[in-house]
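A.B. asks: Let's have the full structure, built from the sequences with the hints guiding it.
Using this note's numbering, the first residue of the sequence shown is number 10, and each one after it goes up by one.
Among the clues, some could well be false.
[Unchecked claim] The calculated DSBU-like cross-link candidates involving lysine-lysine, where the alpha carbons are at most 35 Å apart (straight line), are:
(1) K314 / K324
(2) K409 / K29
(3) K116 / K314
I should point out that these hints are in silico values taken from the structure, not numbers from a laboratory.
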Amino acid sequence: MNEADPIPPVPGTSVPSGLKARARHVLQHLDAVLPDVDALYVDLHEHPELSGHEARTASKVALRLEAEGYEVTRDVGGHGVVGLLRNGDGPTVLLRGDMDALPVEEKTGLPYASRVRTEDGEPVMHACGHDVHTACLVGTAAVLARSRDAWRGTVMVVGQPAEETLQGAQAMLDAGLYARFGTPDVVLGQHTAPLPVGTFMHREGVAMMGSAHVRLRLFGRGAHGAQPELSVDPVVLGASVVMRLQTIVSRALSPLEPAVVTVGAFQAGNRANVIPEEALLELTVRTEDAGVQDRVLAAIERIAKGEAAASGAPKPPQVEVLERTPVNRNDPELLGRVRDAHAEWFGRDALVPGVLGTASEDFPFFARGPEHPVPTAYWYMGITSPEAWEAAPGTTPLEKVAHVPGPHSGHYAPDREGSLRSGCESLTVAALACLHGGSASVDH
Numbered sequence: 010m011n012e013a014d015p016i017p018p019v020p021g022t023s024v025p026s027g028l029k030a031r032a033r034h035v036l037q038h039l040d041a042v043l044p045d046v047d048a049l050y051v052d053l054h055e056h057p058e059l060s061g062h063e064a065r066t067a068s069k070v071a072l073r074l075e076a077e078g079y080e081v082t083r084d085v086g087g088h089g090v091v092g093l094l095r096n097g098d099g100p101t102v103l104l105r106g107d108m109d110a111l112p113v114e115e116k117t118g119l120p121y122a123s124r125v126r127t128e129d130g131e132p133v134m135h136a137c138g139h140d141v142h143t144a145c146l147v148g149t150a151a152v153l154a155r156s157r158d159a160w161r162g163t164v165m166v167v168g169q170p171a172e173e174t175l176q177g178a179q180a181m182l183d184a185g186l187y188a189r190f191g192t193p194d195v196v197l198g199q200h201t202a203p204l205p206v207g208t209f210m211h212r213e214g215v216a217m218m219g220s221a222h223v224r225l226r227l228f229g230r231g232a233h234g235a236q237p238e239l240s241v242d243p244v245v246l247g248a249s250v251v252m253r254l255q256t257i258v259s260r261a262l263s264p265l266e267p268a269v270v271t272v273g274a275f276q277a278g279n280r281a282n283v284i285p286e287e288a289l290l291e292l293t294v295r296t297e298d299a300g301v302q303d304r305v306l307a308a309i310e311r312i313a314k315g316e317a318a319a320s321g322a323p324k325p326p327q328v329e330v331l332e333r334t335p336v337n338r339n340d341p342e343l344l345g346r347v348r349d350a351h352a353e354w355f356g357r358d359a360l361v362p363g364v365l366g367t368a369s370e371d372f373p374f375f376a377r378g379p380e381h382p383v384p385t386a387y388w389y390m391g392i393t394s395p396e397a398w399e400a401a402p403g404t405t406p407l408e409k410v411a412h413v414p415g416p417h418s419g420h421y422a423p424d425r426e427g428s429l430r431s432g433c434e435s436l437t438v439a440a441l442a443c444l445h446g447g448s449a450s451v452d453h
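C.D. replies: This is the structure in structure tokens:
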């Protein structure tokens with residue numbers, strides 16, 4: 010996506026004056042749908058599947074979409090599911106929900122807590138709220154299918170695999186998502202956040218940082234641990250690299266350029282008395298700007314090579330950028346439309362100021378249309394229970410968020426009833442703000 014290219018407006022998709030009345034008409038079906046949404050959520054939470062292994066989850070999503078009249082295609086880019094509901098002339102609105110879980114051990118104590126482990130004994134948990142995303146996606150699809158008189162256009166429901174490995178969105182596009190099912194006019198996505206349930210956060214511009222996964226292989230010369238003078242110790246070399254990498258953000262970048270450089274893995278040797286020949290480091294890089302990311306990656310390579318030369322390494326390090334994910338940039342017009350729709354439905358008090366997320370997503374790949382960029386909007390929905398939020402220390406949202414379980418924690422437990430209802434409502438209202446008005450006779 011060329012960020013300099015203007016994103017064309019979507020014809021006929023401005024927020025209608027009767028949005029709240031249309032939403033009320035559509036969401037009158039939500040009470041009938043919620044029991045199945047809740048059952049699906051509990052089922053998915055209890056039976057999570059890691060990235061690339063979402064066969065059971067995908068099947069359940071596909072069956073529910075088929076039951077509501079969607080044209081369903083399975084196995085798009087792995088276990089991806091695509092459901093189409095064509096309802097007259099109008100825009101195509103893609104609603105995305107990610108389906109995969111994490112290798113995290115659940116510690117919530119819930120009666121439906123995950124006890125799933127892989128064949129290798131690795132724990133699996135929905136520690137990032139993807140079970141909420143998927144259940145709300147299915148719930149939204151159901152209420153829209155049951156109220157086709159209130160809107161016109163095409164709803165494209167996408168159950169996406171492998172978000173946690175940042176591969177699923179691109180895999181679906183590579184498998185012909187837009188070529189086979191049509192390029193949408195807009196793409197909408199939401200994510201759980203440790204904010205009070207019933208609140209929503211929208212951020213103009215960059216909502217989440219772009220990321221890069223870097224692997225450094227450092228070469229030394231092995232020796233007996235009792236004779237370090239005969240070695241070029243890759244452990245010491247690696248430690249020097251780790252410490253020097255910390256200066257990239259603090260000294261190589263402006264304080265006005267947000268960035269994160271984290272060494273998440275450092276592997277070297279397996280015996281106390283043996284100096285190994287190699288060390289392996291893996292890093293994650295997060296930046297708000299692609300140009301800054303290029304500079305950070307160049308600095309990582311420069312530091313690794315410089316420290317290797319200073320250590321007398323027998324050969325230069327291998328520096329591999331295994332993957333890069335673009336920044337998650339909201340289209341300003343579309344985000345404004347979604348935010349206004351949420352304000353109209355939930356009230357202005359339900360909206361909290363947007364902050365930049367240092368985490369990354371593969372959602373921005375959906376903005377890469379075959380002929381022109383596709384407008385995308387991505388927002389956060391609060392899932393923390395009123396009791397947990399009130400009990401958290403602090404007086405400001407930022408202070409309280411630091412004291413409640415967040416994504417990727419084994420204690421992450423969304424407020425079940427409130428999160429599912431508000432998640433279905435927020436995605437439905439956003440979709441209606443982008444679809445044409447229908448012929449429903451509703452009480453204004």
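A.B. asks: Hint compliance check: list the failing hint numbers for this structure, sorted ascending.
C.D. replies: Hint 3 contradicted; others consistent.
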